[in-house]
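Q: Spelled out from the first residue to the last, the chains are:
2 protein chains.
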Amino acid sequence: MKTSIKLPEETSWIIEESFFNPEWLGKYESIMCLGNGYMGQRATTEEQYLNEVRDTFVAGTFNKFDAKEVTELPNLPDLVQMKIKVNQESLDLTQGVISDYSRQLNLKTGELSRSFNWQTPGGADLSFHFSRFVSMDQLHVMGQKVTVKSLSGKIDVEIVSGIDGQQTNSGSQHFSEGEKHLFESRFMQMTSQTTQSAIDVVQTTVHQFSIPVERIKSRIEMRRRQIYTNYWLTLDEGEELRIEKLSTIHTSRDLEHEGRALKVIEATALSELKGAEKKGFDQLLRASAAAWERKVWRIAPIIITSSNPQDQVALNFAKYHLHVMTPAHDNRMNIGAKGLSGEGYKGHTFWDTEIFMLPYFTYTHPEIARGLLEFRYHGLHGAHRKAEGNGYEGAQFPWESAWIEDGETTPVWGAADIVTGKATKIWSGFIEQHITSDVAYGVNQYVEAVGDQHFLETKGYEIILDTAKFWASRLEWDDETQKYHINEVIGPDEYKEHVDNNAFTNYTAKWNIQKAIGIYEELEVSQPALLAQLSQKLDLERVYPEWLDKVAKLFIPQPNQELVIPQDDTYLSKKIIPLTSYKQDEQVGTLFHDYNLEQVNNMQITKQADVLLLIYLFENLFSEEVKRANWQYYEPKTMHDSSLSLSTHSALAADLGEIELSYDLFKEATNIDMGPSMTSSDEGIHAASLGGIWLMTVFGFGGVRALDGQLRINPHLPKAWQELRYSIFWHQNELEMLVTADQLIVTNKNQVSPVTFTSRGMEYTVVDSVTVSLN
Amino acid sequence: MKTSIKLPEETSWIIEESFFNPEWLGKYESIMCLGNGYMGQRATTEEQYLNEVRDTFVAGTFNKFDAKEVTELPNLPDLVQMKIKVNQESLDLTQGVISDYSRQLNLKTGELSRSFNWQTPGGADLSFHFSRFVSMDQLHVMGQKVTVKSLSGKIDVEIVSGIDGQQTNSGSQHFSEGEKHLFESRFMQMTSQTTQSAIDVVQTTVHQFSIPVERIKSRIEMRRRQIYTNYWLTLDEGEELRIEKLSTIHTSRDLEHEGRALKVIEATALSELKGAEKKGFDQLLRASAAAWERKVWRIAPIIITSSNPQDQVALNFAKYHLHVMTPAHDNRMNIGAKGLSGEGYKGHTFWDTEIFMLPYFTYTHPEIARGLLEFRYHGLHGAHRKAEGNGYEGAQFPWESAWIEDGETTPVWGAADIVTGKATKIWSGFIEQHITSDVAYGVNQYVEAVGDQHFLETKGYEIILDTAKFWASRLEWDDETQKYHINEVIGPDEYKEHVDNNAFTNYTAKWNIQKAIGIYEELEVSQPALLAQLSQKLDLERVYPEWLDKVAKLFIPQPNQELVIPQDDTYLSKKIIPLTSYKQDEQVGTLFHDYNLEQVNNMQITKQADVLLLIYLFENLFSEEVKRANWQYYEPKTMHDSSLSLSTHSALAADLGEIELSYDLFKEATNIDMGPSMTSSDEGIHAASLGGIWLMTVFGFGGVRALDGQLRINPHLPKAWQELRYSIFWHQNELEMLVTADQLIVTNKNQVSPVTFTSRGMEYTVVDSVTVSLN
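Order-wise, the sequence lines are chains A and B. Mapping to the numbering used here: the first sequence position 285 is 285, numbers consecutive. Mapping to the numbering used here: the second sequence position 353 is 353, numbers consecutive.
There are no misleading hints in this set.
Repeated chains share a single entry, so a pair holds when one copy, or any two copies, can fit it.
Each computed BS3-like pair below joins lysine-lysine, with the alpha-carbon atoms no more than 27 Å apart:
no.: 1; residue 1: K83; residue 2: K154
no.: 2; residue 1: K274; residue 2: K217
no.: 3; residue 1: K2; residue 2: K217
no.: 4; residue 1: K68; residue 2: K263
no.: 5; residue 1: K263; residue 2: K422
no.: 6; residue 1: K422; residue 2: K83
no.: 7; residue 1: K263; residue 2: K425
no.: 8; residue 1: K719; residue 2: K667
no.: 9; residue 1: K574; residue 2: K422
no.: 10; residue 1: K2; residue 2: K83
no.: 11; residue 1: K154; residue 2: K217
no.: 12; residue 1: K149; residue 2: K85
no.: 13; residue 1: K263; residue 2: K278
no.: 14; residue 1: K637; residue 2: K425
no.: 15; residue 1: K274; residue 2: K422
Read the hints as simulated data drawn from the structure, not as lab findings.
Turn these sequences into a full structure, and let the hints guide you.
A: What follows is the structure in structure tokens.
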């Protein structure tokens with residue numbers, strides 16, 4: 001496959017674009033995106049190209065374009081762009097001669113850099129170096145540095161740079177034209193307001209030049225939605241020009257600005273930028289890199305000794321993006337399915353968070369995990385509205401969430417149906433209901449691993465009880481079977497719409513109600529006052545007896561004679577077609593070039609792990625034989641047309657001891673964004689897939705799982721890996737695992753308490769260190 | 001000056017781009033724009049380029065983005081774009097090798113064509129030919145034809161084409177995402193609604209291929225705000241592929257669709273497109289060219305025999321654009337200052353219409369002129385609102401007009417002040433008041449030339465009386481001079497804000513009131529019933545005596561000792577600075593790179609003809625000496641920083657007998673759009689300048705003027721012109737003038753009535769033909 005992606009062997013921290021291809025802009029914009037959880041920015045270049053998607057997002061600033069659209073994360077006015085002309089020729093990598101080209105993202109420092117020599121069509125020779133960061137140290141700050149050097153004679157340089165508010169989300173404009181200000185003849189500021197949610201966004205920018213100001217002619221220009229300064233200067237042969245552009249973004253949605261007058265926010269923004277300018281680009285970048293080290297890399301590091309050094313890059317890449325995308329600073333926000341790296345999925349939060357990204361934070365950054373779950377707690381109001389609107393009780397979590405007040409935000413219409421030519425209705429917002437038990441699962445996993453009693457008592461219990469209440473009200477009595485059914489749903493496999501008794505949905509609903517029953521019964525004994533309080537709020541005395549009755553009569557799809565658990569009531573009776581060609585297709589979703597969704601609905605084709613995901617999440621519910629039978633049945637029918645799928649299969653394969661198969665799937669899964677498919681990340685990185693890279697490593701090869709509150713560590717390394725070193729937090733203990741082919745050494749690095757775990761069926765307690773033989 | 005513009009000598013109908021330069025896109029998008037008064041379309045190419053402005057407008061479909069913006073003509077979803085890939089390489093004229101390039105606008109047929117050979121970077125050789133028109137025959141129809149031929153071996157061709165609703169007006173999105181439909185697997189339709197004015201826009205498109213459908217693989221795609229079909233096919237060496245893309249635009253604002261259900265409009269749109277498809281591109285283009293001939297070229301043709309053949313091109317160019325920009329089909333609409341060719345001035349109508357474009361229509365297409373004036377009649381309601389809002393009576397016309405109900409639509413904030421860095425307040429909407437007498441002037445000129453008694457009685461009288469009523473209420477009594485003043489205005493010279501007694505304003509206000517007095521007194525005698533009716537509506541019995549008093553006491557700036565009429569009370573006392581360098585500057589407005597408006601306000605610098613415009617419009621008010629003295633005083637101080645200025649100076653110079661100077665100014669004025677300045681038309685063509693080309697020819701060199709209802713024809717040709725042949729309509733008589741250096745032959749071609757005119761002070765009456773000696 002043709003690609004310009006290079007993952008240098010000598011370091012595990014660099015993603016490199018080795019040559020420029022204007023058809024692949026989206027790939028690098030996404031995988032090299034910068035951010036700090038507060039803001040995210042696609043890696044568009046300073047100069048513009050056709051088909052670029054120049055997105056900057058600030059987490060939580062949702063806005064709705066009009067009544068027909070759902071709310072989305074708006075694309076902010078752009079700060080990155082700098083038009084550069086040399087002897088009146090615009091910098092453009094498709095023109096003239098480019099040599100020594102390299103664009104690199106340094107995952108460790110968060111620095112995006114680019115360098116090349118350019119011979120202009122007119123014959124001037126120059127070298128360029130660009131550097132950029134979004135500060136992990138000061139969340140509102142970003143910096144750019146451009147170095148231009150003339151390699152041949154005197155050149156005239158023109159630079160136009162400022163703030164460009166003509167950006168849209170694929171045509172939808174979310175901002176009123178901003179107020180533009182110039183302060184002290186240098187600081188440009190633009191304040192834009194979102195059209196519906198009335199969030200003020202204050203962007204401020206300033207330029208510094210390495211040559212004396214007397215040699216620069218400049219002029220301010222304000223055009224529609226734009227404020228620019230034009231700079232003109234002349235460089236001598238061999239002379240180097242450095243331009244630093246420092247910018248800040250502040251919004252009225254920021255927690256620290258709540259209730260503040262806009263003037264105060266604007267003044268704060270200007271003052272923070274002045275402070276940043278005093279430090280200068282280099283110092284700011286060093287401080288940001290230090291923050292990356294402090295907040296990310298030093299914590300629960302993973303070191304893979306592999307004959308494929310790119311495995312380590314993949315882990316670093318995943319962790320980098322997990323921190324770029326996650327609004328760790330504000331529990332009113334959550335992670336978008338594309339992080340802050342693209343317009344795909346509109347910045348909305350899905351079950352991806354709980355099932356695919358949350359485990360990383362739960363086990364390595366529990367305070368961030370708590371914030372993500374507090375978001376769900378804030379979202380209970382919207383979940384009540386949704387349940388009530390559908391005639392149910394309790395908390396029915398929205399399939400897609402945006403701002404905490406928004407409730408359900410799933411759009412109703414999607415891509416064209418190739419048969420009818422009409423837009424396809426998106427049913428997930430209506431009937432993809434397992435999200436509710438997924439949230440409860442995420443709460444439970446967090447509490448089991450972290451032991452955060454305070455969260456449990458103030459929020460966790462309530463989420464699990466309230467979601468159980470939804471499920472109980474959701475069940476439908478079936479006279480014929482004398483069972484409760486869950487009809488008319490979509491399971492994780494979205495290629496099966498309007499199915500009855502989706503196994504994943506029924507099993508996890510049952511688990512959710514059972515968990516609530518357990519909590520009720522436990523609190524009755526241990527914390528009656530808390531129970532009384534919860535009971536009053538949630539009417540538990542009425543619903544608890546119903547739970548007992550309903551959970552006993554809930555229909556749970558059982559393995560058939562071939563031990564296969566039916567994905568739903570009709571799946572196993574549907575037509576089977578050969579899928580190999582589609583599965584081998586580089587591009588996802590090509591099945592729909594030949595069939596429409598209705599046709600696929602009637603075939604045994606699974607978009608993504610469904611029954612197998614259930615088995616992976618609840619491994620102690622199923623026997624080894626059932627696991628294997630289902631693996632063999634469903635794996636060939638699974639298209640992996642969702643980025644949530646491969647990592648599940650990889651981890652499950654590892655659980656089943658199919659280590660080399662697991663490793664093959666690991667390689668495939670790590671390639672979803674980092675690999676050579678040059679267009680599949682155009683709409684943004686695949687957040688769940690990046691969470692999945694950590695899951696495959698720590699849960700899959702590392703063998704970590706919490707089973708009914710019990711830590712299990714069953715590692716098994718693929719042949720390519722000589723050693724795996726990773727850490728997790730378990731009830732505040734920092735456990736470091738060193739895994740080789742022969743043994744597992746578990747070290748409790750901070751020794752908060754003795755930790756008991758099982759491995760290969762044996763129980764161990766680690767105070768300082770324990771060695772488990774794996775032979 | 002570097003340019004790619006070519007005006008071939010052998011024909012006066014072709015504007016050619018002789019080589020492609022991506023920095024000059026805007027120039028050709030504007031000057032080669034297509035349209036028919038219903039819709040206008042910038043000449044963007046099928047393939048996209050950075051910095052293109054892909055505008056399509058439908059006259060009258062105004063929408064307001066939000067409360068902070070003024071209403072504007074929204075940029076419609078784009079129909080023109082076609083992505084073309086050859087062996088996976090995107091067609092891009094900045095890549096590979098281009099030869100035999102030519103893009104031509106045929107002014108006579110309205111066909112825009114483009115041809116070139118392209119060697120792709122990958123080495124494939126192809127020839128391309130593009131042709132396009134917006135039908136002058138069927139206002140809703142446009143057509144495109146693309147011909148691709150492989151000159152070297154087999155090639156794979158991919159075409160993506162449809163409707164793209166991601167367009168904005170420089171970032172402001174005026175449409176909700178459109179509903180997308182595919183009919184009969186071929187007809188794509190998108191229905192978008194403006195966000196505030198709720199106008200439905202229905203766009204429908206279909207493709208036809210010259211090769212059998214079995215050889216084409218296709219697939220529909222609907223993305224956000226986009227509907228496309230993807231086509232894939234393979235061409236053999238030497239094989240030619242023709243693609244016809246035919247499209248229609250209909251809107252709920254169309255007169256014929258008023259009150260209709262959207263479904264009916266959508267069905268009409270589809271049916272019109274099906275009818276068009278039956279005819280095919282070639283027949284549709286022929287019908288459109290025939291309509292151009294019938295509606296435009298055959299009517300009042302102008303033939304210049306000049307040693308500069310480009311003079312004839314300029315006339316054809318001007319007439320072409322005057323008909324492209326003018327909504328002749330609907331009197332609820334008027335002409336925008338940039339026609340339908342760009343976002344500049346937001347599609348708004350200014351005094352440009354009455355003073356610069358209307359005369360062409362009045363003298364050659366009186367039915368179109370009437371429609372333009374009926375627009376003002378429809379606008380009386382808004383003019384009343386504006387007067388009332390300012391504490392005045394009568395009709396104060398908005399400085400900028402959009403939809404007939406809108407009233408004043410001038411934006412309040414403009415470009416940045418280079419001294420303070422703040423946006424400049426635009427005062428025109430508040431105090432540039434001469435628009436009101438300009439409208440009355442236009443009505444009077446139309447009535448004098450056309451003799452349209454019906455219009456006069458139903459609308460014309462009322463406009464003149466109602467505007468006079470405004471002026472009378474607007475006058476301010478000055479105790480000191482015991483005169484009425486008009487203080488705090490902007491005259492035509494917008495570089496002088498907040499001045500008192502601007503000569504142009506005071507003179508024309510006086511004329512307006514006098515005209516109303518005359519009407520009142522005439523109707524008293526001739527049509528008392530009509531007067532009674534008007535009197536009741538306008539309270540004339542009360543205001544008529546006031547008019548008599550006020551007009552007598554209105555201060556009218558008189559020539560000083562040097563015979564110079566003061567432009568306003570303070571102009572002549574202001575500082576004089578040397579202007580030569582700015583006047584020679586290719587770019588307009590460079591003065592503001594050194595001074596801000598406040599500074600310019602305090603210098604004797606005139607943006608555009610002001611006193612001289614007054615003299616040109618009311619030549620019989622001033623003696624020859626006064627005219628010359630003012631010419632000599634004001635010409636050097638006039639920056640011509642408005643496209644309304646040069647043509648006035650040229651015509652006035654001709655009046656003054658300065659024929660070669662007039663011709664120099666004519667050449668300069670015709671270059672405003674058609675000339676080699678490659679960026680000044682970026683925001684659209686200069687409508688008033690194009691009207692001015694006709695004015696300079698017919699009023700200037702042709703010497704035509706109506707003075708107090710009397711036709712005067714005083715021609716004088718520049719040396720370069722051997723002969724000038726032109727026609728005008730005068731009270732339904734089609735008069736053809738043949739002018740040489742020696743004589744003027746006036747022929748009454750349809751002889752509706754004998755026509756009396758003066759020439760060189762002598763009176764003539766033409767029944768069939770009269771020859772006037774010019775020696």
